[in-house]
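*Asks:* Work out the full structure: start from the sequences and follow the hints.
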Amino acid sequence: MTERDGVPSGLTPRADAWTRAILGPFHPVARSSSASRVPVPRDTALRASGGGTHDGTTPGARWTRDGAPSNGPDRSTRDATLDELRHVIRRIESRHVPRAAPEPIERVLGGALLDTGAGTLLVTRREYPLAHRHGAVALADAFAASEPVLRVVARAGEEPGEPRGLLFIDTETTGLAGGTGTYAFLVGVGAIEDDRFVVTQYFMRDLDEEPALLEALGPRLDAASGLVTFNGSGFDLPLLETRFILGRRRWPAMIPHVDLLRPARRVWLGHLADCRLATVEREALGLAREDDVPGAMIPALYFQFLRTRQARPLTRVFAHNRDDVLSLVALLGWFARALERDGATLSAAELAGLGRLLEPVDVERGLACYRAALERGLDGGAGLWTCLRLAAWEKRRERWDAACALWETAVRHATFDPRPWEELAKFHEHRTRNFATARELVVTALHRARTADAVPRVIDDFAYRLARLERRLAVSPAPLAGRGNGM
Amino acid sequence: MLGEIIDDLLISKPTGPCITATRVFPAREAVTTPFPPSLDARLAGALRRRGVEALYSHQARTWELVHAGKNVVVVTPTASGKTLCYNLPALQALLCQPDARILYVFPTKALAQDQLAELEELGKLLPERPAAGPERPAAGPERPAAGPERPAAGREGREGRAAAPAASPGPALRMFTYDGDTPQDARRAVRARANLVLTNPDMLHSGILPHHTKWASLFQSLTYVVIDELHAYRGVFGSHVANLMRRLARICRHYGSTPQFIMASATIANPGQLAERLIGAPVEEVAESGAPRGEKTFLCYNPPVVNPELGIRAPYLGEAGRIALRFLREKVATIVFAQSRLSTEVLLTAIRGGLADKTGDASAIRGYRGGYLPNRRREVEQGLRSGDVLGVVSTNALELGVDIGSLDAAVLAGYPGTIASLWQQAGRAGRRSGPSVAVLVATSAPLDQFMVNHPDYLFGTPPEHARVNPDNPFILVNHLKCAAFELPLADAEPFGDLDVRRFLAALEDEGVLHHAGERFHWASETYPADHVSLRTVTTDNFLVIDTTARDARQTKRRQIVAEVDWSSAFATIYPKAIYMVESEPYEVQELHFREDEEKVAYVKRVVVDYFTDAVSAKGVWILRRLDSREDGRFQLEQGEVLVAEKVVGFKKIKMGTLENVGSGEVELPQQEMQTTSVWLTVSSDVLARVSRSRDELIDGLRGITYLLHHLSSFFLLCDVRDLGSWLGDTTPAATGAVATRESTRQRLLEAERFQPTIYLYDAHAGGIGLAERLFEVFPDLLVRALETLEQCACRSGCPSCVGPVNEVGRRAKLTARALLAQLTA
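These protein sequence lines are chains A and B, in that order. For the first sequence, the numbering used here gives the first residue as 1, with consecutive numbering after it. For the second sequence, the numbering used here gives the first residue as 1001, with consecutive numbering after it.
Just so you know, the hints here were simulated from the structure itself, not pulled from any lab data. Built from N, CA and C at the ideal position, the CB exists for glycine as well. Hints may be right or wrong, so weigh each one.
[Stated by the list, open to error] If we take Cβ atoms under 10 Å as the criterion, some of the chain B residues that face chain A in the derived model are:
no.	residue
1	A1216
2	S1444
3	F1485
4	H1514
5	H1515
6	E1518
7	A1523
8	T1526
9	C1792
10	A1793
*Replies:* What follows is the structure, given as structure tokens:
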């Protein structure tokens, strides 16, 4: 599709026949169909060629179907004729390509057709023993998780219950655009059955099999005590909800939901390159997928299947989806392990991240994680952040020695941050009333701020504080003895 | 007071002789009807609290028709209480049917804001509102329901559950705007809570319909759709909106609702017909206004001739400014309409200067135009309503129904181009009682001169028709894609009343749709609404940034002072241009327009006594011939052309005296558009038979160009502005260079072979099929052109035939007639 090129009417090469039918044979669009040409943006009124004079191209070249206007009408006519020829040839060819009778899809993809009462669809089923390792994590780890662990990874207020009742869910869709025109053509769900983990995939062999898919999926959702997804609140679930409403079905909105993207962000953001599932599973779960199909290609593969009925290329899509479902389990297992056993195997950055995750639920455990991370030598931006975060809690609890020690560490940090300086200055000015020390701190801070080219507000604030301290020192030059740090 | 000023204008020495026509529209009594018994007592009470004891006849008539289940369009003058026509049924529905949902559509966000304020005012007067104060969207839950089988509508419900277990019905009026300005985090709450949503066509197109499942409760119980400013939906934009309504109708059908439409329009020739085309259903017209009107005087003012030898008149901007000052000095609330953004600033400067001289209070005069930042505009609107702002100088941005209250005087600096606009602008002055005045100050342009010298034409010509063509294949196909995205299209399902099977088959052939289970499904990764813009505006705006601004601490701070859209950027913010914002001049330092750059103009504050006006040149060249028709007398061809415009320089014009004090050249890229066109080359035999003077022939052909351009919009059901026209020659694009109108004439006069060619082209880049259609109907068009000329009562040209005589020349009509007679004989 050339949609993205800005041809909103979608009059791509194959438009010829019908454009002609509608508009008569001489509509220009019918003749300007070489893919190599730059389409004219229809949605643009008179526009400049965007600085053609600067980049060396002739103005207008961008907008001209035939390259520069200087090509003139003759060349254009010839091109048009060539185009039409090419086009006719393509059509004849495509008509005569001998189409191999498609292999039955259930054989290619390894599943069975299921008649749901609302139509038929393809269902595949794979079983895994709980000892199955997905990357470095065994599936069993996820199901060993306690309910408190689930509450830590879930959003506040969600009660996903007991892990054995969870349904792990991932969808493959016809696009990322959202809205009512995006279908979830393949839905993979995983759940415990007896002592095995079973991944079931529901697949629409054509777009009119959606009722069957929803019919099959509905009871699975209803039976679950909670859903586990990765970015499900942002993508999979709203999309499924749209499909259910569009199909005039009840959407089981009340099911608790654990979106693993949220805890993953808390733990890995700023430390991994990004928090996509692929990145997290590679870095944290130690999983290397083989021959994985890039997610961006999936819609095209499905559309190709709809046109050609050749199911073979879809095997990779099915495998991708199964791997995604297993990664959800493994990721939950990772969290369970990290949260339930001590984090001996965790890196300093992961410990700090775990602290971020725990802090809103269980402050003390969160702070303990922060301390452990710092002890393990966490530095860089995350180190500074953790230091300040911990110091803020110590301050709130009036544990001044601990807080000061953390601020002292923070001011030694390579990058300048005004906050610990300010905190220390405040501490000495208002708590110990040691104006001289406070003044010294502020003078140094001001110097560092200027060197670091800090924003004017920061410099102004320090300057203001310095002026006040100078005034106070003028009134009572000697520091007051006996009001040490201990108060 | 006002009467004295009018008398003075008419009698006193400098102005009196310049007034070429006076019309007094007498005051009219109100025609009222008691509140209909079906009107809810609470609503009647609220109206009484506002001092309204009865309905105007048009309001009562609308009420009746709405209650009889009809679709209605109300066409009454400005300030006749049009909004109450739709607000009453809407509020009644919300009060009496807890499930009712209502959709308001306005062409702009600002109008939606206005109307929300108006509705809330009325809402405050209603008794028994459980919650005091304005409702916040974030508050309590609302039990969602979707689809005829009523499945629960999802996550909103869940969140609501956490907040309060039982769904409370909430207050009766839950009214919210939903548009590009609605913050992302508030959108969900608006969708869940609102029972009256105010939006615009663009948002309906790209934000609401493609996500209709999230709006299930709205579409299930949609009672009324209110469309105000209906006249704005004409031409290509209107054709888009008509298709949007077809999509809306499909979605409503899916959810089982059949909303009624209540519409309002400014005066146009065919409101009922336009409404029916737009919504695809029968519509009743309510055109008889029952609102009272004070006496209104309309004056036509032609600036005095200052150089009798050359026939040069005093600059119209100066004259308009002086007339406005006469009103403003006497504290008469005045609106001045300028015809461009530049002249808005020039006039504002002049008027502020004039006021500062005498009474001192120049801050009570504000400017208003597109490009100002929204909060500045809101401030001006607010000030006008409250009376803090006494006068405003505006572009036609204030022509739409933005609520600015009523003013006493309107000064139109230049004829606004259409009769409909003329009455819209003049209508901004006029209270329900007491006199008002509108003054049209003519420019020296031929059209203006014609208008002020032919007042019978001015006052007697009906306003223009608004035309739409929803079946234009280019527009239609785009909306079919959107429709399929929203809901698969069944095999034999009509779109509106149109059989679209062949389009669907073609789209399937394209691979955009996929046929399965007797329905066409959207089968692409893309979001089609993103690729269809309802208006030919681009989102690429230039930010105008003041590099000399300083904040409170005197630190340099780059401050955005305005926004300029692509299409006008090159004519307004070229380097060295003086760009004015509320009459404060800035000089443009740099303009960044390259593809890979952020589109920005850096400006600095300057003190200058001049402004700049861009000089532009144009050209149309043939890129490719696709079809031709030879006739011996003329050759008609159809194909692709390149239309190019370029700002080549600017003039420096002194403020006040408006004399030319210098000029400059600019190096800017040529703005080009490739589009489709028809062109007509008259054979040299025919030309020779009509006249031997090239000059005369050019005049005649320019007349024919004008005539064909205007007639084409009848044939194509489009707006005049959807087409462009040009008299040039058949130079191929490679050798063409843009030229001003005058140098084009020169070239034609001096050309070795005299081959003048009339171009009529599609004004939308790439073309939307108008030229192809013109090619088919061209012989008819020529015949109709001759008929029009013969039937026109004017002697030597008027805006209804070949154009105003001063523009096309004295003999143009005669020559044009002779040429057409030859071509159609």
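*Asks:* Now, for every hint given, state plainly whether the structure supports it.
*Replies:* These are the hints, each one checked on the structure:
The interface hint given for A1216/B is met, as the beta carbon of that residue sits about 6 Å from the closest beta carbon of chain A, less than 10 Å. The closest approach between the C-beta of S1444/B and any C-beta of chain A is roughly 27 Å, which is over the 10 Å cut-off, so the hint fails. A hinted interface residue such as F1485/B counts as satisfied when its beta carbon comes closer than 10 Å to some beta carbon of chain A; here the least separation is about 3 Å, so the hint holds. With its C-beta approaching chain A no nearer than about 5 Å, H1514/B sits inside the 10 Å limit, and its interface hint holds.
Checking H1515/B against chain A: minimum C-beta separation of about 9 Å stays under 10 Å; hint holds. Given hint, E1518/B at the interface with chain A, holds; its Cβ is 8 Å from that chain's nearest Cβ, closer than 10 Å. Because the smallest distance between the Cβ of A1523/B and any Cβ of chain A comes to about 6 Å, under 10 Å, the interface hint for this residue holds. Satisfaction of the interface hint for T1526/B is found here, the shortest Cβ-Cβ separation to chain A being roughly 4 Å, below the 10 Å cut-off.
A hinted interface residue such as C1792/B counts as satisfied when its beta carbon comes closer than 10 Å to some beta carbon of chain A; here the least separation is about 32 Å, so the hint is violated. The beta carbon of A1793/B comes no nearer than 37 Å to any beta carbon in chain A, farther than 10 Å, and the hint placing it at the interface is violated.
Taken one by one, the earlier hints fail for this structure at numbers 2, 9 and 10, listed in ascending order.
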